[in-house]
Structure formats: structure tokens, C-alpha cells
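Using the sequences and the hints given, assemble the complete structure.
Line order of the protein sequences matches chains A and B. Going by the working numbering, the first sequence opens with residue 1156, and the numbers climb by one from there. Going by the working numbering, the second sequence opens with residue 1156, and the numbers climb by one from there.
Rather than coming from a laboratory, the hints here were simulated on the basis of the structure. Each hint can be trusted.
Looking from chain B toward chain A, a few residues come up when the C-beta cut is under 10 Å (computed): (1) His1336; (2) Ala1342; (3) Arg1357; (4) Tyr1360; (5) Pro1377; (6) Val1381; (7) Arg1411; (8) Tyr1451; (9) Ser1452; (10) Arg1453.
Here a beta-carbon is modelled for each residue, glycine too, at the ideal position from N, C-alpha and C.
Protein chains: 2
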Amino acid sequence: MSTLILGSIGIDDIETPLEKVERVLGGSAGYAAVAASFYGPSRMVSIVGEDFTEDQRRLFTDRNIDLAGLDTVSGETFRWGGRYALNFDDRETLFTDLNALAKLDPVLPAEYRDTRFVFLGNTDPVHQLKVLGQLTGPEVVVIDTMNYWLESQRDAVGQVLARADVVVVNEEEARMISGHHSVPRSALEMLDMGLKAVIVKRGAYGALLRTADEWFFTSAYPLLEVRDPTGAGDSFAGALTGYLASEGEVTDQSLRRAVIHGSVVASFAVEGFGLKSLLGLTPADVKRRYAELLRYSRVDLDSD
Amino acid sequence: MSTLILGSIGIDDIETPLEKVERVLGGSAGYAAVAASFYGPSRMVSIVGEDFTEDQRRLFTDRNIDLAGLDTVSGETFRWGGRYALNFDDRETLFTDLNALAKLDPVLPAEYRDTRFVFLGNTDPVHQLKVLGQLTGPEVVVIDTMNYWLESQRDAVGQVLARADVVVVNEEEARMISGHHSVPRSALEMLDMGLKAVIVKRGAYGALLRTADEWFFTSAYPLLEVRDPTGAGDSFAGALTGYLASEGEVTDQSLRRAVIHGSVVASFAVEGFGLKSLLGLTPADVKRRYAELLRYSRVDLDSD
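If you want it as C-alpha cells, here you go:
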């Protein structure tokens, strides 16, 4: 089953404490679509400038990512530059040139409108709402947002949340949405907004999932070295939504497996700059690391 | 099987963003011994001043904690004061009055010397070594340390590590010991020092365990509210060692269960000030939360 993915396509300059790269392909829709491609086809909704090349286009179409919803407009593609602190967690935005992204007006191709599994990546909530308004019968809507939209367009984010099934946020965003410091309490409060599931990403610590009845926690895959954290969250959410689409249903257990798949694909994403390591990956690589991560939390039954 | 516990007994003043308490009973040996008491008897090695009351003594002896190794000297018991930041993670030491603790010279009662399961809590590494030197055949030595000793007595800490089986540290200590930023890499490096297992405590995020062959991760028990984080790490290590002693053997699986027991008892410890919530607990409470925490990481087998 196809996954619809809304988000940005960007060309990024990235500095880490150890390396510096320029003009690598990224963006929330870029990471999410490639991550979802390990589980099935997807349909992208985004926008690029004239500088976006045929080769870049083919990186996506070769992976069964439909670009009918990718607009091309005059001028340059969205550009972003960021620098990571020594801990590889904190980052500073060096520049944001919206370029083409400023013209995003997501009109879905007719053949996209029946998509049932949808990931609305971090973009203007007004765009997220516009996509939702064009879908004939979305079954599972997964959304991401960020502090910027929570500060500037809180009402629109609220409307998106009201129509979403699953929200994927980080700890800071969970606290902003709920107004509580405790992350578990924030998750419960978000659930009360009518969501089926709340997922809080915790970087190197993993992720938590809260559904109506139960908690679930997974660690991140233990990496000896992180090269570039950019896109980890988008990869997580893309893989999660893609996996759910491949399962065709959302249950407590399919959500648990989806969270682990999200963690696994995100762990690969941060091992290289931009989309590089994801593009070099096979489904067998994903499967192997998935089995490993499951093993890392398994406890044999005992009498206690 | 008895667990031997070395550490401090302290009378603490604690400030959190919400509350302030004075003169609550604590100390690394205090927390660890009470935590271990859910799994069997223990033997304490510590020191107090003349102000330590019969009632305080009975809190321990009523729980099958042998105080033959608890010295009493003139003057006051060790006093510590700390203030937690808004996030309940960062804390500032307001004062440290060593008092009786300055006179600690751990000479083991004859009947302690054959103890096989040992937790050497955070104290001067010279004291940790002295205890090790008096044991006739310790099978499992679990040790804790802290940044202060790593800075001031690195060599002595190294000697303790060389004789330990299991080390329980936080992320900052793991990085100081290994010299690496990556926590998984630090764990592997510590393992190479000859340890059987390395456990890194990650506060609200849980703990990781590394043995020769495998990783294991558990989340912390999700709490909607933390009242006082003091003693969480000591409770974790005390419960862990006590559980291992009750099992009588250290295997990859008994260590996994021990890490979960440690997390469970620590989660209770932080729900009240000082030893209060641990002292009100029954083994059934521990058992129930243990089963819950296991459930929070369980994934049904599937074909993926």
C-alpha cells in the first residue's frame, strides 16, 4: 500500500565537530520517502527549484517513490545549513533559504487522493491541513511538527493534531504541546487530544510510544559513532509510516514493530551525511538490525 | 544469600523545584541496603555519628540488614545538602559535612568475610580496596564510583575496576573512564578492562547493559511525577546486586532481569524524599512494577 509523504526537499550544508559537507540532498520529505521505500511505494508532495537535477529525481523514482506531487518552480531549491555541537545533539541553524519552498501550495495529483497511509512531515501546518482536505479517506495520518510552528501557528497545529492519528515529536515539542515537564505526562495529555498513538523521539535514547492502554519503549540502536544526526527524525517517521502501510493496519503490536523499524532506519541515517547511507542500504540490512534491536530488549520469562 | 554493601549513611537536606526537606535519612549504603532488602538479607559496612538513633537503626535491622559492620563514632553523622534544577536532573551540592564519614576505616566483622555478592557503593576507592582485601572469596563484585574519585584518585579507581565484575556508572562517569563521548563505545572500552558487565544508568531514560556478547537496554519505569531523584542510582545498584545474590548466579539473562529490578526499585525511590517510599514498599509492589516494565518492551514475534 502506498504512503503519502508531505515535506521539504532541501540541499543542506552540514558541519559536525569532525566533518563539514556542502550541498547534500536532504529535507524532511527526502529522508522520510527514502526511509519508507524499504517497506513499499510512496507518493511525495513537495517542491524544488530548477536546479534540482534528473539524477536527484532518479534517486527517488528508482525506489518506487512517485514524484507526480513534486512541483518544480523557477529559482533554487530550499537550502539549509546547520552546525552540530560537540555532543552531536544540540544544533545551530546557520542559514535557511526557503527559495522554492516559499511557493509550496500542495495540490494533490488526482491519483494521490485515495492514499490511506499518510505522513505529514514538518512543514507549515496550513499545508498539512490543505493536504488532509484533499484526501478522500485517510485511515492513518502520522504527523510531525516543530517548535517554530508551535510558537507561530499554534491554532493551525491544533487543527492538524485534531485530525491526526499518530503524532511523532521530540521531547521539547511534547513539552511545548502539553505544557508539562514530565514526558510521560505530556504523552498522556496529547493522547487525550484524540490521538490513537503518541510517539516521543528521544535521540540516542530511543523512543516511547503511548497508546490508549499501554506504554512501549525502545532504545535507539547502539552506535559507536554518529556522523550526521540530520534527518534522523524524518527517517524514523517515514519508516514508521511505511511499515504501518505495509502491514495495512494499526494495532498496539504493529505500532511497536513500527517504532522499532523507525529506530532502525534512523540509526542507519545518522551513520552518513545526508541521504547517503540510506541510499546504500538493502532491505536485508534493515531486517538484520531490526532483529538485533529486538534481541537487545528481550528478557526470558522467569518465575519472578 | 547475603549481599555485602559498602557506602555512606547520611542525613540529607534536599531541595527540588517544588519542595524542600531537611534531615532525611539517606546515603549510598542506606539506599542500596534497603533496595537489596526486597531480595534477601544484607550486611552493611558504613559509619555513623552518635546522633544516629535506635529508631533509625531499626529501620535497617527490621529488614534483615545486618549492622555488625556499622561503626559508631563520636560527633555527627555525614550530612549532605543538594538542590535540583527545574529539570530534576542537574543538581548542585549545597554542602558536604563528612563528620563521621571522615573516620571510615572499613574493618569487616569476621562473619562478613565469606560474602559472595558485594556492592561497593560510591566511597573513597581506598575503602573499596580495603573491603575487597578482607573478603575470602567474593564471586560477584559490583562497584559504583563518581567523577570526584575519577579526578582525585584515578589510580585507586583503576585498581578497584581491575578487581570488579560489574561496574554501574552514569553516562558522565562512563565517558570519564573511557575518554570517549559515545556511551556505547565507552561501555565496550570498560568491558575490555576485564569486567564481566558494564551497566550505564541513564536516569529517566533507563539503563544499558553490556556483557561480552550482547547489549541490553531497558527504559526507566515511566513516572508522571518525580519527587526526589536522590539515591536513585544507589537504589538501582542495591536492587541489582540483591537480585543477583538471590539468583545465586550471573548470566546474561540474570543480569538483564537484575537491571530491570534495579530500574523498578529506583523508580519507587524517586517517588518520595529520602528512603520514605522504599520503606513503605512490599515485595508485591516490586513484582507488579517489574511485570509492567517487562510488558513495556515486549514485541510479539512476527515474520519481519
